[in-house]
Amino acid sequence: MTRHHLLGVLSALVLLISFDAGAWSLWPFGKKQVSTTPRLPTRNNDPNAIVTRDTQGAKSGLQPEKKEKADKVSMERLQMLAEKGNPGAQLALGRMHYDGSAGLEQDFVKAADHFYKAARGGNDRAVFNYGLCLALGRGVEKDTDKALEWFVRAAEMGVPQAQKQAAVHLEGRKKYAQALRYLRKLAADGDAWAIRRTAMYLIEGLAGDADPKEAVAYLKAAAGKGDARCQVRLADCYERGLGVPRNYEEMFSWLYLAARSDDPEAQAKLGCCFLRGQGTVRNTATAVKWFMRSAEAGYAPAQTYVGNCYLQGSGIPCDPKKAVAWYQKAAEQGDVMGEFSLGAAYEMGRGVTRDSREALRWFQRSAEKGYAPAQYNLAIMYAEGRASAVNGPKAVEWYRAAARQGSPAANVAMGRLHLEGKWVAMDRERAKAYLSQAAQAGSKDAKTELKANF
43 MTRHHLLGVL SALVLLISFD AGAWSLWPFG KKQVSTTPRL PTRNNDPNAI VTRDTQGAKS
103 GLQPEKKEKA DKVSMERLQM LAEKGNPGAQ LALGRMHYDG SAGLEQDFVK AADHFYKAAR
163 GGNDRAVFNY GLCLALGRGV EKDTDKALEW FVRAAEMGVP QAQKQAAVHL EGRKKYAQAL
223 RYLRKLAADG DAWAIRRTAM YLIEGLAGDA DPKEAVAYLK AAAGKGDARC QVRLADCYER
283 GLGVPRNYEE MFSWLYLAAR SDDPEAQAKL GCCFLRGQGT VRNTATAVKW FMRSAEAGYA
343 PAQTYVGNCY LQGSGIPCDP KKAVAWYQKA AEQGDVMGEF SLGAAYEMGR GVTRDSREAL
403 RWFQRSAEKG YAPAQYNLAI MYAEGRASAV NGPKAVEWYR AAARQGSPAA NVAMGRLHLE
463 GKWVAMDRER AKAYLSQAAQ AGSKDAKTEL KANF
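When we follow this note's numbering, the leftmost residue of the sequence shown carries the number 43, and every step to the right adds one.
Hints were generated in silico from the structure; no laboratory data involved.
Here the structure is a predicted model, which is why all the values come from computation and not from measurement.
Wrong hints could be hidden among the right ones.
Simulated DEER-style distance windows between Cβ atoms [claimed, not checked]:
id: 1; residue 1: G448; residue 2: A494; range: 17 to 25 Å
id: 2; residue 1: K411; residue 2: V432; range: 18 to 26 Å
id: 3; residue 1: E426; residue 2: E291; range: 41 to 49 Å
id: 4; residue 1: K493; residue 2: E439; range: 26 to 34 Å
id: 5; residue 1: D231; residue 2: K363; range: 46 to 54 Å
The calculated EDC-like cross-link candidates involving lysine to aspartate or glutamate, where the alpha carbons are at most 16 Å apart (straight line), are [stated by the list, open to error]:
id: 6; residue 1: K216; residue 2: D187
id: 7; residue 1: K217; residue 2: D251
id: 8; residue 1: K152; residue 2: E125
Note that the Cβ used here is the ideal one computed from N, Cα and C, for glycine as well.
Let the sequences and hints guide you as you build the complete structure.
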């Protein structure tokens, strides 16, 4: 393959990542994970915060308006109650040692000990807190298996934070059916994160048969109450025709609501709507405005789209240097399209000094994450010895990777290699299979090869 052909392929692919509707599927769909680092002081919706509310009525002594003498009396009383086995007092002291508050030094060992004693006394929140100590290795040896056992105990006692942590840890162990049980409990109580997660399980069929219609019902309930993240997920369903008929107008409406709430993913997707004229009138200038709002908020896919707009002069004056700057921002966040686009810029020398080694590096990073255009172009780099010596086995490896994802160009490349017996065994049947797959996807090159060779 000549350098001229390579650059043509790269240029075409840079355009594709702007206008290909398939780019939607690359954006996060319910993949956000719950943090495992406690954020104190406690917030009711924080799944990792130490729980302090005492269901048994013991006083914590944490009253900021009290004078020092009163605090001392309260602390002495609290310690006395704890020594006598009062679970509420033990819970409160555990929190104080965990935080290093109320005049006590931070001491995770003492905190964990108090939580354990309170938990043995039946305090549900202490059960969760001790599980958190085990999960984080604070005051006790880190043991995520034991932590899960304590989270499940607390979850069965009705502690929402424990139900969330149990779901997260069970999901990490691919015990989806058990995880879904706790997600449904949380979703029934209106937890937006759990609603999104439950919907994702139902759409993907992680815990059994897929049920997109039920997923949409969950999302509609939360989206109708103004939850921006559920509005975005619901828009995804309308865009993909999951659980509802495909409807770009509905998709646009939900994205617009979420974008007005400053959701960066919604803003980026709204930009795509204006760019493609899906659900609204096509308007590239408005598309750039929404892309820019999202990109400036740090959303990596939008940063790539802003780069594309600058590179092509779409809705904004053409400026390859600014395009590269935005690609760099996206690539540094690990965005596969940003990494690929930055690699293409380096290989073509657009907006930056041409550097095939840098191109290879960025293509490699994107390809390893499964981005087919990067895999295909990485194969070309190895096949032609760009940035390094020709490496046939590596070229074949990446052509195959892209072909497995349905890349017509990669299927054509593999077909030709099998026809020639270059780097692979000469095999006309395999060649025909690869070329036929590409032809079915509309590749003119594949149709030409089939006509000439079969």
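Hints, verified against the model:
{"no.": "1", "hint": "G448 with A494: 17 to 25 Å", "in the structure": "holds (23 Å)"}
{"no.": "2", "hint": "K411 with V432: 18 to 26 Å", "in the structure": "holds (25 Å)"}
{"no.": "3", "hint": "E426 with E291: 41 to 49 Å", "in the structure": "holds (46 Å)"}
{"no.": "4", "hint": "K493 with E439: 26 to 34 Å", "in the structure": "holds (29 Å)"}
{"no.": "5", "hint": "D231 with K363: 46 to 54 Å", "in the structure": "holds (51 Å)"}
{"no.": "6", "hint": "K216 with D187", "in the structure": "holds (14 Å)"}
{"no.": "7", "hint": "K217 with D251", "in the structure": "holds (15 Å)"}
{"no.": "8", "hint": "K152 with E125", "in the structure": "holds (13 Å)"}
Consistency note: the structure conflicts with none of the earlier hints.
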